[in-house]
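Given the structure of chain B, go ahead and fit chain L onto it with the hints provided.
Sequence lines, in order, name chains B and L.
With the first letter of the first sequence counted as 1, position 10 gets the number -10 in the numbering used here; the numbers rise by one all the way through.
With the first letter of the second sequence counted as 1, position 92 gets the number 72 in the numbering used here; the numbers rise by one all the way through.
Honestly, the hints are just simulated from the structure, not real lab data.
Any given hint could be a false lead.
One copy or two, it doesn't matter: identical chains are merged, so the pair holds either way.
[Unchecked claim] Capping the alpha-carbon separation at 25 Å, the derived lysine to any residue pairs in SDA-like fashion look like this:
1. Lys291 with Met270
2. Lys134 with Leu7
3. Lys119 with Asn6
4. Lys232 with Asp(-6)
5. Lys268 with Tyr300
6. Lys44 with Gly25
7. Lys135 with Ala15
8. Lys252 with Arg150
9. Lys44 with Ser83
10. Lys134 with Leu13
11. Lys50 with Ile111
12. Lys(-13) with Lys242
13. Lys268 with Ser141
14. Lys252 with Asp139
15. Lys8 with Gln130
16. Lys50 with Phe110
17. Lys49 with Ile111
18. Lys173 with Glu107
19. Lys49 with Ile116
20. Lys8 with Arg150
21. Lys291 with Arg234
22. Lys214 with Arg150
23. Lys242 with Trp85
So the chains spell out like this:
There are 2 protein chains.
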Amino acid sequence: MTDLKHKILAMAKDDLEAIEEALLLNLKPHLDLVAQVAGHLLFSGGKRLRPLLMILSARICGYKMHDDKKLSTVFEYLHTASLLHDDIVDGASIRRGRPVAHSIWGNPTVVLVGDFLLARSLSIAAETGFINAIKIIAKITENMSQGEIQQLMKKGDFDFSEKEYMEVIRRKTSVLIQGACSVGALIANAPKKKETALSEYGLNLGYAFQMADDLLDYTSDTDVLGKEVGADLKEGKLTLPVIFALNNADSKDRSFMEKVIKNKDFSVHNFKALVELLVKYGGIQYTKKMAVKYVDRAKEAIYLFKNSETKELLLDVADYVLVRRF
Amino acid sequence: MTDLKHKILAMAKDDLEAIEEALLLNLKPHLDLVAQVAGHLLFSGGKRLRPLLMILSARICGYKMHDDKKLSTVFEYLHTASLLHDDIVDGASIRRGRPVAHSIWGNPTVVLVGDFLLARSLSIAAETGFINAIKIIAKITENMSQGEIQQLMKKGDFDFSEKEYMEVIRRKTSVLIQGACSVGALIANAPKKKETALSEYGLNLGYAFQMADDLLDYTSDTDVLGKEVGADLKEGKLTLPVIFALNNADSKDRSFMEKVIKNKDFSVHNFKALVELLVKYGGIQYTKKMAVKYVDRAKEAIYLFKNSETKELLLDVADYVLVRRF
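The following block holds chain B by itself, in its conformation from the complex (with noise of 0.2 Å):
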């Protein structure tokens, strides 16, 4: 483990219990099936980033009250769902090390189960009565699922740019950890200046956060990522470093690369040289670059704030996405 991960988790072991806590008591399905389904990817090692992101900017508007643990359940339910679907949608099959929800109960129960998570994180919005938190939320769903569409659509085409890549991930990744920024500061009563720092401080986490992941898929061991290595690209889902590489690269090492796209079953050897040629043609090097000026602009949105506890752990969880795996 990283020093920062150590240094991380000791800050914030008291929110992080509350956060685990708040996900058992707050699922209350009504059988038993949905509770296992559920807990199945809820309680399988997820590092809470969307629910502490919400309470800590919550409290670095001064929150003094009790609802935000109960309502940071929401991002984290609502993550949870996303990934129950998009499973189904990528026809994954291992996620954190496990073997996806759907290869276990079947795509029919994790379809509704992904439903019931949805739902409840409504209701539970809708019980602590934030009524701009409530709109906050049901907008992110509406983006989530639009930039998993978009995605879908754009898989195995080569003209896929990088202006579309970053509409996508940010429909998919970015508005939830930025809306539970912004949930934070709302429920704070925070001053709009202060709402917008946090809004835009999750915003650009979400980028350099889903940049991080996308490499990963390049630069990892499956035994770390605990899932397939190149399982992107298996699915044809082109992501920056291969975006990037793909527009720089020469005609015949192009040609290279879009031939071992296309074969869904490509060889280890064959996805060892074309993660040469994304090296090659700076693909790897571009994504890193952005992803650091991505945390760097978290980073400086946040400035407004003095100095606290709470604003040191907002800024060492953004260095953190950077160390994170790679």
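Showing chain L alone in chain B's frame:
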């Protein structure tokens, strides 16, 4: 077309047109594909029962503002989202006489478009700002997903009881219709007594509606039904006509019925023999009787409202459930 249907369509003409317009106006997808996939089912001749009931419930409580049309779309979008996911879960092939969406666009896209419609519903509810309505709407979705899961768990289970059947149809069908009526009363600031009356009307109508629907699977032709006759049984989905007949059949007939149901590729001949047993053991008659009972309860529930065109329409809609297609 029956006289009653004619009468309802004439009386509700303006409302139905306004609903149609609102459904187009409020979908607001970012992607054309979403509009296309959602529209395939959304604009395929649905009866708009749920939005109509919300509008009539508001009106009978004296509602005079202009949020009702927009808010009513929530109940059609939720219904559509649920049908999209259910058709995947059930492996259905035809709906309203057309190929199901997932047979055209594939399961992944349709799962995500269903998610979009779910999210869109809750966004619209949030936009109108009625917090109590939002709470009801989020709870409806929780119930619907759990009702579907429970039904899925019980497929092929010959011990599925009438009580469990009632619980499943309450969650998957009745709560949505009940919610539409409750929300109508809520936005009209109706006194508790009127809200409860309309909630009871919707709940009981929902039961009757689902029973009538389940009957059609045994009493209709594929052409009239718009989907395959016997489809429920092919999925192992036991509904009231079958549950009642199984419980009352002698052991020889019961084991014949079980054999037909277990063999999902039963012949037309065997299906007809099974339907004859449903008649012989009173399963068809009992289900009709129960549907009538719940329609009567629905009508009795709104007894307290003074006579008006709106009340007449609510009573007619209740009766229509029974003559719909059997």
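Between the shortest in-copy and the shortest cross-copy C-alpha distance, which are at most 25 Å for Lys252 and Arg150: within, between, both, or neither?
-> neither (29 Å within a copy, 55 Å between copies)
Is the C-alpha distance from Lys232 to Asp(-6) at most 25 Å within one copy, between copies, in both cases, or in neither?
-> The answer is neither: 55 Å in one copy and 64 Å across copies each exceed 25 Å.
State whether the alpha carbon distance between Lys252 and Asp139 is at most 25 Å within one copy, between copies, both, or neither.
-> Answer is within; shortest intra-copy Cα gap is 23 Å, inter-copy 55 Å.
Quick one: Lys134 to Leu13, C-alpha cut-off 25 Å, is that within a copy, between copies, both, or neither?
-> The answer is between: 12 Å across copies meets 25 Å, while 35 Å in one copy does not.
Lys291 and Met270: within-copy, between-copy, both or neither at 25 Å Cα | The answer is within: 23 Å in one copy meets 25 Å, while 63 Å across copies does not.
Alpha-carbon proximity between Lys268 and Tyr300, which holds within one copy, between copies, both or neither at 25 Å | within (13 Å within a copy, 63 Å between copies)
Should Lys44 paired with Gly25 be assigned to within, between, both, or neither, using CA atoms and 25 Å as the limit?
-> This pair counts as neither: shortest intra-copy Cα distance 28 Å, inter-copy 52 Å.
If the cutoff is 25 Å on CA atoms, where do Lys50 and Phe110 land: within, between, both or neither? Let me know, please.
-> Close inside one copy (12 Å) and across copies (21 Å); limit 25 Å.
What label fits Lys268 with Ser141 when the C-alpha limit is 25 Å: within, between, both, or neither?
-> Answer is within: at 18 Å inside a copy they meet the 25 Å cutoff, but 59 Å across does not.
Up to 25 Å between alpha-carbons, please classify Lys214 paired with Arg150: within, between, both or neither.
-> Within one copy only: 23 Å inside a chain, 43 Å across chains, cut-off 25 Å.
Is it within a copy, between copies, both, or neither that the alpha carbon of Lys50 lies no farther than 25 Å from that of Ile111?
-> Both ways: Lys50 and Ile111 sit 15 Å apart in one copy and 18 Å across, limit 25 Å.
Give the relationship of Lys8 and Gln130 under a CA distance limit of 25 Å: within one copy only, between copies only, both, or neither.
-> So Lys8 and Gln130 pass the 25 Å test across copies only (15 Å; inside, 32 Å).
Comparing the model with each earlier hint shows violations of hints 4, 6, 8, 9, 12 and 21; every other hint is respected.
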